[in-house]
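These protein sequence lines are chains A and B, in that order. This note's numbering applies: residue 1 is where the first sequence begins, and numbers increase by one. This note's numbering applies: residue 1001 is where the second sequence begins, and numbers increase by one.
It should be emphasised that the hints constitute simulated quantities derived from the structure, not laboratory data. Virtual Cβ for every residue (Gly too), placed ideally from N, Cα, C. Errors might be hidden in some of the hints.
Straight-line C-alpha distance at most 20 Å; calculated SDA-like pairs for lysine to any residue [to be verified]:
no. : chain 1 : residue 1 : chain 2 : residue 2
1   : A       : Lys316    : B       : Met1073
2   : A       : Lys397    : B       : Gln1176
3   : B       : Lys1175   : B       : Gly1261
4   : B       : Lys1175   : A       : Asp293
5   : A       : Lys284    : B       : Lys1175
6   : A       : Lys505    : A       : Ala484
7   : A       : Lys294    : A       : Tyr362
8   : A       : Lys354    : A       : Thr339
9   : A       : Lys79     : A       : Ala104
10  : A       : Lys316    : B       : Met1219
11  : A       : Lys316    : B       : Pro1061
12  : A       : Lys397    : B       : Phe1065
13  : A       : Lys316    : A       : Gly269
14  : A       : Lys397    : B       : Phe1076
15  : A       : Lys259    : B       : Val1045
16  : A       : Lys287    : B       : Ala1215
17  : B       : Lys1229   : B       : Met1219
18  : A       : Lys89     : A       : Pro148
19  : A       : Lys397    : B       : Lys1175
20  : A       : Lys79     : A       : Gly145
21  : B       : Lys1229   : B       : Ala1215
22  : A       : Lys505    : A       : Asn152
23  : A       : Lys287    : B       : Lys1175
24  : A       : Lys316    : B       : Gln1071
25  : A       : Lys397    : B       : Gln1071
26  : A       : Lys79     : A       : Ala127
27  : A       : Lys79     : A       : Thr26
28  : A       : Lys259    : B       : Met1219
29  : A       : Lys284    : B       : Ala1167
30  : A       : Lys397    : B       : Asp1063
31  : A       : Lys354    : B       : Asn1066
32  : A       : Lys208    : A       : Thr26
33  : A       : Lys218    : A       : Lys294
34  : B       : Lys1229   : B       : Gly1261
35  : A       : Lys218    : A       : Val206
To be clear about the criterion: a stretch of chain A counts as covered by chain B if any three or more of its residues have a C-beta under 8 Å from a C-beta of chain B, and this derived list gives those stretches [what the hints assert, rightly or not]:
no. : stretch
36  : 207 to 219
37  : 244 to 255
38  : 313 to 322
39  : 381 to 390
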Amino acid sequence: MKIQRFAGLAALLASTLMASSAMAETLRWARASDALTLDPHSQNQGVTHNFAHHIYETLVDRAVDGSLTPRLATEWYVKEDDPNVWVFKLRHDVKFHDGADFTAEDVVFSLDRARSENSNMRQLHSAIASVAAVDDHTVEVTMTGPSPLYPNNLTNTFVMDKGWSEAHSLQSVQDYAAGEDNYAVRNANGTGPYILESREVDVRSVLKRNEAHWAETKPQVTEIIYLPIAENATRIAALLSGEVDLVQDVPVQDIERLKNTAGLKVETGPENRIIYFGYRMDDKPLKSSNVADKNPIADPRVREAMHLAIDREAIKRVVMRGNSLPAGVAMPPFVHGWTPELDAFPAPDPERAKALLAEAGYPDGFSVTLDTPNNRYVNDEAISQAVVGMLGRIGIKVTLASRPVAQHSPLITGDNTDFYLLGWGVPTFDSAYIFNDLIHSRNGHFGAYNPSGYADPALDAKIEGLATEIDVEKRDADIAEIWAQVQRDRVLLPIHNQLLAYAMKDNLTLAVHPENQPLMTMVTYGQ
Amino acid sequence: MTEAPPPEAPVEAAAPARGFWARFWDSDVFWSYRHNPVAVVSSLVALTLILAAVFAPWIAPHDPFNPATLQLMDGFTPPGEAAMSGTVYRFGTDDQGRDLLSTILYGSRVSLFVGFAATLFSMTLGVSLGLFAGYRGGLADTIIMRVADVQLSFPAILIALLIFGVAQGVIPPNKQESMAIWVLILAIGLANWAQFARTVRGAAMVERQKDYVSAARIMGVPGPAIAFKHVLPNVLGPVLVIATISLALAIIEEATLSYLGVGVPPTQPSLGTLIRIGQRFLFSGEWWILFFPALMLILLALSVNLLGDWLRDALNPKLRQ
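With the rest of the complex left out, here is chain B (with noise of 0.2 Å):
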């Protein structure tokens, strides 16, 4: 970080000439990441499961959500052993016969979408309503904040879970397989969205009292402009801590409710229902069908939860050195 300026150049001649890269290199957020390991070794490891997630259809040596392809005589196969049919597999197989490290990573990918999904939803959802209360006020942001304040009080996988079971008996049997992972992304989308509106709102209400918005509202600007296109970006630096956060919440709300049998079809396994499947052969031996995708869950979660945390510090004012 020692700044060798270009002997001929003054420095504050050179300081805006500098890269886009060499800024960021510089500013106070990454100076922060650079500087904590945790948060280093977190980002690498959720940014390689993401993309080992991505990429699985490239990566993984089976397809596991081709049913067809499945060999049932290689069920129970133990990591690294050969099978009936004479495969070794690296993970080992589950009670189907499907290669677990494939498994694991198509799975990965439905944890993965339905959380990026379910947390933007809910941002969305958060954010919209917590700025139109905290910048409406009066009798919109009673009735909002409410719904919010009733909502947090009960546990976001009961929602979930009540919300699942309506769409259950609103949808005909024979669309709910193929609607499964939406109404998943609904349900916690919706479970999730009341953290956003507490934050949004409570940030909107300061800044409606400052200067730049009256300044706006002088001008003659709308008021839904205002909110979104001044108010917005003033408040984001929270929104994006809590985005961060719950999308690990909601990953874990996923494999919860996958768990409790109400998530996606078994045929297509997520890390929740892997889990739930090998539970059941605790106790007869075969630790690896729970075992990895139990690790890859935690690596999961826990990564994206150090992520959070590391930006909430970044990003508050207070803790700064």
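Isolated chain A, as found in the complex (with noise of 0.2 Å):
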């Protein structure tokens, strides 16, 4: 009698749990931080725009191979008879949230709130001289020059319903350093495949699935549940003790144990980001140096001595736990002008170092001080830590600087820094998006990123040449021109590419996404 009451039970149970697993699967997913708002053009930020995919959508989108692929526009071209024109064709039957078509009108509307003065994603757009619809289904992007790679800076430019916007007054962009707010902010309508169901900042936003997409296939997660957690331990025992579903933010030191737990598996790839070191190259003397007549690392023999003192393989065996690939360029592998050779970096050799030194009028080194972010990249203070040991062993005291990005960034766009850790991810997989901010030197909309005080008219003319190349061969060979010149002057110091890694139950499944954008779209579940 119990023994057939409690079979009944179980299979009554058992019958239950798959059903529900049929019919409705609830993700939760849990970041180190929040979306900083969703005005969609406010902030050009990863996490930001991460959060934004799933509600709202771009013309084109980037495949995991750097590739471009369409979104809402389902082709695009350079109009035959004008150079300076993109040709835009529109997805037909696509639908708003709030069941409004998806029209031509929408797109001019959002590019021109792209590239108007609040805008953060304006710097994307500084090429476009108009937008016009030409039908419903068609729009030309008229440009001020010949712009091949334009298309390239449409991934993260998100689509809003110019009827929903003009009606809740949102023509200008939510200005996001002036603490201001507009209706966008916290409400959204998009295209995408989930629609926001509730937002509480910093805490929790619940998205449902969009059951009037377009996209033929349906994502098997019906509902995700999105869960901030800044602390990175609380983030972890959250997953050990089974409150949420995926972690996309994991300490390396937690891999291990993680992989090792039964029930939860952890995924790892590639990053499209480079981690390096730079340094002050110009004769003015470092601010924060014994050599008060001179800058030492002007010396072409000084920088060769840093570079040979870093251990690359130490850094990555001890300090990621071997999550990370050394660099001997300052580009991810995924990125346009990437080749091995560029790639190879020599074996750590301290006693030349040292008779570099030395050759260089320096036998017994000298001091600098390194700033170094706390917050920003994987274990960044950790890794400027081991160079300090390494260059120390060289002779160069360096005294470290630990800071939290917010505080470490203007360092570097304010010339304040004589030695720095940064790293720098590549949205466009393009060279020129690194040689734009790193290598040109300071003026105008270059060298944001660069302190180094590094300046060859002739270089930054190279550079400059690159946006409006419409030979590819041409353009291919300058790219290789400028890379072996910054390598040959060690303009940068690099030391890794990223690896990420994703912890999640071991009954779902979501690839490392390059650029650490991940769509739950892409969730699959089973073993």
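Make one complex out of these two single chains by using the hints.
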């Protein structure tokens, strides 16, 4: 009797469990931080875009291999009789979450909004002269000159509904820095695969599957609960205790432990981001050095010695626990222009490094302060600490100054550092993005993250030419030449490319996204 | 304690001839110390830890503050096991290959230095202001004590953070690292002066009414001289108690600030910095990186605190048997 009843109960329980798993899959997704805002053009920031990609959509998307794929635009080409005009053909039968039709007018409105005054996406669209709708499903973007790479800039520019935006006075973008607020900051109306159901900033956001979405295959996840958990240990504990299903930001030291925990698995893969050191290399004396009359790093032999002092394999093995790809060039392998030859690096040779320092006139080394962020990249502070030791061994006495990234970045953009660590992601997958900000001397739109003082007008001209060069072979040759000079002059000191790790319950699978912007539509269930 | 007076000399005559140590041994305070095992043990522990920290450069097997001597490949070696380089580290190594035993010894030097200096600073400031307020009274008293009240309504750590933040803004970035330890002392010292000021002010107000103060005043001794020469020695008892307890507090506050990542640079870690680093490796099994620095901090803070407790009881006339 008893056994029978128990069996019956078990069967009933099993059938309810199975039924529920077939009907609805709720995914509890934990990250280190929340989207800064939901206004899609207000912040050009990875976490913010990652969340927005579930609600809003872009004209073009980027595949895992870096190539562009159709999203709201089905095809795009340069107009035959005018090299300055890009034509976008739009997808038919797409509706916004509130039921409004998606048309060319929405695209015109969104591109104009994205290049308006307060928009943080502005620099990506600075070459636009005007945007016009030709018919309901065709848009023409007129550029100020030939812009062969422009569609690459569209992968994070989201399309809003013109009618909805005007009804809620959203013509101007939220000025995030000024602490402004608008209706779109906490409400959303996109065309994307998920609909925003509720949002509590920094606590919890709920997204429901968009049953009217245009894609042929429906995502398996029907509901997403997004949970920002800032503290590393708390986030991992939540996964271990079963409170969350997926953790996107996994600290390297916890990967092994999670891999060995029954019921959990870890997916790893390279991120499109290089971690490197930069330094001031012009003739002005360093601010933080005991050498007061000149800049020791201006001497190429000193830079060579610094490169030879670094043991990248030791950093990979101990600091990163194997989770990095040591690099000889400041460019992730995803980027157009990368070659294995450029990425090769010498074995560490402290003896030769010491000899080079002595030759350059610093037999006893010199002192300098290294500025490092301590909350931005994987083990950033520990990498810097290891480098302090390695440089110490050849006689360069480095003082380490460690700060949160919010205080670290202004040192670099404001020319207030002698020696620093930085990470650089390359969303366009093209070398030009690296040259523009890190190599080109600082003026106007260029060199925003180049405090090195390195300035070569011929090289600058070559970098500027890349944006309008239509001849692909000539452009590739230019890229190779620029890299050759950058490597010869040791403008940057690359360390490695980060590996990303996502930890999840073992009944679901999500591959690592090279830009760390995974879509939950890609989650699949089953062992 | 059975006094055995020499047979010839009468007891009364012998008393003044007894040495300083004998009188010390028989004093009320020391008697209470001898009969309080907690006080004896905690003072021994505190003394051992302080001596170990002071003589760290001679005791420690390695110099963890010299980055050039670190072996990165020795990182994460468990206690007592041989590392990649063949060296055996008694307490294991941290993520940078630093010998934990040496790092803790050097780290507690930083913690103790900041603790002592900050306490000395807040004591000097608090006693002077409290004495001034209590002896002078009137408007000065009101202003100083209201400031103290306002400050006491905030947690000390919040005030220390605020001072630290302001200092970060004022000091140029390339000087910040070398100044960090002094800013820390200033921040913790300024966060703790109010306790001293309050106690001293209360005691000074009582003393002010006493005959010896009136006598001094009639003789024409100037005010500051009366306050510092005559009143101060009579209020020092409670100050000593607060100083001991606030030393323990200052050590904990330094650890908290360093734990939050705003304290001393990571290449010269204090106990709090070590705990912050070790906490990252809790889930991955490298327990020793957190355990040993935390144990050291607990022992240090607990022993100083228990000593302070005992001192408070010993100096309290109402509790004397």
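Numbers of the earlier hints that this structure fails to satisfy, in rising order: Checked against the structure, the hints that fail are numbers 6, 8, 10, 11, 14, 15, 16, 22, 27, 28, 29, 33, 34, 36, while the rest are satisfied.
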